[in-house]
Structures are given as C-alpha cells and as structure tokens.
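Our numbering applies: residue 34 is where the sequence shown begins, and numbers increase by one.
No lab work stands behind these hints, which were simulated from the structure alone. Virtual Cβ for every residue (Gly too), placed ideally from N, Cα, C. Keep in mind that a hint or two might mislead.
Claimed, not checked - Here are the simulated SDA-like pairs of lysine to any residue, each with C-alpha atoms no more than 25 Å apart in a straight line:
| id | residue 1 | residue 2 |
| --- | --- | --- |
| 1 | Lys183 | Asn197 |
| 2 | Lys232 | Asn182 |
| 3 | Lys212 | Asn197 |
| 4 | Lys243 | Asp114 |
| 5 | Lys219 | Thr173 |
| 6 | Lys149 | Asn266 |
| 7 | Lys213 | Glu189 |
| 8 | Lys141 | Ala153 |
| 9 | Lys222 | Leu201 |
| 10 | Lys280 | Ala110 |
| 11 | Lys87 | Tyr73 |
| 12 | Lys219 | Asn182 |
| 13 | Lys222 | Asn197 |
| 14 | Lys141 | Phe188 |
| 15 | Lys213 | Glu226 |
| 16 | Lys222 | Lys149 |
| 17 | Lys186 | Arg142 |
| 18 | Lys243 | Ala105 |
| 19 | Lys280 | Asn156 |
| 20 | Lys149 | Gly185 |
| 21 | Lys149 | Phe139 |
| 22 | Lys146 | Met195 |
| 23 | Lys186 | Lys212 |
| 24 | Lys149 | Ala193 |
| 25 | Lys146 | Pro228 |
| 26 | Lys212 | Gly138 |
| 27 | Lys146 | Gly255 |
| 28 | Lys280 | Gly125 |
| 29 | Lys186 | Pro118 |
| 30 | Lys149 | Leu161 |
Unchecked claim - Have a look at the derived ranges for each label pair, beta carbon to beta carbon:
| id | residue 1 | residue 2 | range |
| --- | --- | --- | --- |
| 31 | Thr196 | Val218 | 29 to 39 Å |
| 32 | Lys146 | Asp114 | 21 to 31 Å |
| 33 | Lys222 | Lys87 | 50 to 60 Å |
| 34 | Glu103 | Lys274 | 18 to 28 Å |
| 35 | Ser109 | Asp65 | 13 to 23 Å |
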Amino acid sequence: MLRKLCVASLIAVTAIPAVSQASVLGRMTRKDVDKAIEEYLDQNPQVVVEAFQKYQVMQEAEKQAAIARELAVIRSALENDPTSPIIGNPNGDVTVVEFFDYQCGFCKRMFSKVLKSVNADGNIRWVLRDLPTLGPISRTAAKASLAANKQGKFFEFHQAMMTNNDRLEDEDDVMDVAKKAGLDVKQLKQDMEAPEIEKILNDNAQLALKVQTQGVPNFIIGDYISHGAMMGNELEENVAKVRANAKK
Numbered sequence: 034m035l036r037k038l039c040v041a042s043l044i045a046v047t048a049i050p051a052v053s054q055a056s057v058l059g060r061m062t063r064k065d066v067d068k069a070i071e072e073y074l075d076q077n078p079q080v081v082v083e084a085f086q087k088y089q090v091m092q093e094a095e096k097q098a099a100i101a102r103e104l105a106v107i108r109s110a111l112e113n114d115p116t117s118p119i120i121g122n123p124n125g126d127v128t129v130v131e132f133f134d135y136q137c138g139f140c141k142r143m144f145s146k147v148l149k150s151v152n153a154d155g156n157i158r159w160v161l162r163d164l165p166t167l168g169p170i171s172r173t174a175a176k177a178s179l180a181a182n183k184q185g186k187f188f189e190f191h192q193a194m195m196t197n198n199d200r201l202e203d204e205d206d207v208m209d210v211a212k213k214a215g216l217d218v219k220q221l222k223q224d225m226e227a228p229e230i231e232k233i234l235n236d237n238a239q240l241a242l243k244v245q246t247q248g249v250p251n252f253i254i255g256d257y258i259s260h261g262a263m264m265g266n267e268l269e270e271n272v273a274k275v276r277a278n279a280k281k
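Please take these sequences and the hints and turn them into a complete structure.
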C-alpha cells in the first residue's frame, strides 16, 4: 500500500496544482489509488522499466560499496600473507593479487601478459593465490604449487603449469610437470600433505569470498577488482592509479 501511495503522490505532484494536492491525496481511497496507478502506468509504461533500471543501478552501487569496505578491511591479509608466493619485486611499491586455477584457460592466457608487464615495470609485487575451483585435480595442482614453494621453485613450477597445454587428468600429470620443472617429486608429495597447505587454500577461498570474486582469474590492484581476465590495459592503468594515489 505504501508503494502505491508513493506512486499516487507522484501522479498528484505532476498532474494536480500544488494548492490542491494535499486535499486531493487526503480524499483518495485505496480504490482511487489503485485506479490512479493503473491509469498512470497504462499511459506511461516506460516508468516501470526506468524504475527497475534505477533500482538495478542502486543495488550494484550498494554492492560495490560493500565490497570496497570489505577490501579495505582485508587488504593487509590479502597482500602481505607470508605464505603466498610472489613473482616480481618482493619490495615493489604496487601489489597485484591474483586468484587463479591451473586448469583455467584464461589464467594461462594472462600469465605471459602479466609476467611481461611485471618484468618490464620492475617494481610490482605479484602475489599468487591458488583458488582451485575447477575440480579435484585443480586442488592437487594447487597443493603441489604451494609445496614447490618450500623447495624454492614456485616460479619454475608455476611457469611450467601455466605454459602446459596438456589436460591434467590425474596426479601423475601434475608430477610430470613438477619433474620437468626440476622439483624433487618425492619431497613434493610429502610436503603437499602438510596441514598448512590445506590452511592456505582454505584462507584463499575465504578471502575470495569476501571480495565476491566471480571465478578465475581475478586480479586485485588497489581498489580495482577485475572479476575476470584483463583483456586491455587494466593492469598498467591501475598500477599507475595506485602510484598516483600514493603521492597525494
């Protein structure tokens, strides 16, 4: 009823002289309100579409504001977790966080592009967070990735996985890649079962949930969240924005 009265009020405001609006609205019964709304919408059907569009815009704005607030709260945990592998300059002035899956085709496409930019820049910290969402073998590969970091060969394994075009069917496929990357496979298998490996993956999943990531890859640069692959110059533009904001 309240919504209908609001619409009726709008009709009165637009169609009735100001001096008589209050008296007219005061005399309106529920039937009058229903009839006025029905007639108004019959004559102005675009109002419904416009109202719905405005509502969607408002909802999206509220969602993004909530994500921004959450991002501010978890930023330190997101960017500075000592258990997360880093590519690039560990002391860089800009941090790029990526959630990825080793079976994700777009993650593989982004790898060489981001690596090229990170190497060319020289002052970017690229924080890698495994988010295995594409099946059990993805989780196996993620555990191997973190275990490879214990041998100081995360980059070698990560690069080998991201440039591997063969489908991963089972653990043996992951171990074949690890062996080619120079890892001690026996030690790798042991380290994969360490409790802290499982904790890292669970923490990654919780952080991804808090910023409402929509699949992989997902990049976070300052306040920017990619929600997918960066197909344009988003990386360079947002790195520049972070640096510009740091100077203010």
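We went through each hint and held it up to the structure:
no., hint, in the structure
1, Lys183 / Asn197, "22 Å, holds"
2, Lys232 / Asn182, "15 Å, holds"
3, Lys212 / Asn197, "13 Å, holds"
4, Lys243 / Asp114, "16 Å, holds"
5, Lys219 / Thr173, "15 Å, holds"
6, Lys149 / Asn266, "13 Å, holds"
7, Lys213 / Glu189, "9 Å, holds"
8, Lys141 / Ala153, "19 Å, holds"
9, Lys222 / Leu201, "17 Å, holds"
10, Lys280 / Ala110, "23 Å, holds"
11, Lys87 / Tyr73, "19 Å, holds"
12, Lys219 / Asn182, "15 Å, holds"
13, Lys222 / Asn197, "20 Å, holds"
14, Lys141 / Phe188, "14 Å, holds"
15, Lys213 / Glu226, "21 Å, holds"
16, Lys222 / Lys149, "31 Å, violated"
17, Lys186 / Arg142, "21 Å, holds"
18, Lys243 / Ala105, "11 Å, holds"
19, Lys280 / Asn156, "16 Å, holds"
20, Lys149 / Gly185, "22 Å, holds"
21, Lys149 / Phe139, "16 Å, holds"
22, Lys146 / Met195, "12 Å, holds"
23, Lys186 / Lys212, "11 Å, holds"
24, Lys149 / Ala193, "16 Å, holds"
25, Lys146 / Pro228, "33 Å, violated"
26, Lys212 / Gly138, "22 Å, holds"
27, Lys146 / Gly255, "19 Å, holds"
28, Lys280 / Gly125, "15 Å, holds"
29, Lys186 / Pro118, "10 Å, holds"
30, Lys149 / Leu161, "16 Å, holds"
31, Thr196 / Val218: 29 to 39 Å, "19 Å, violated"
32, Lys146 / Asp114: 21 to 31 Å, "24 Å, holds"
33, Lys222 / Lys87: 50 to 60 Å, "56 Å, holds"
34, Glu103 / Lys274: 18 to 28 Å, "20 Å, holds"
35, Ser109 / Asp65: 13 to 23 Å, "59 Å, violated"
The structure shown violates the earlier hints numbered 16, 25, 31 and 35.
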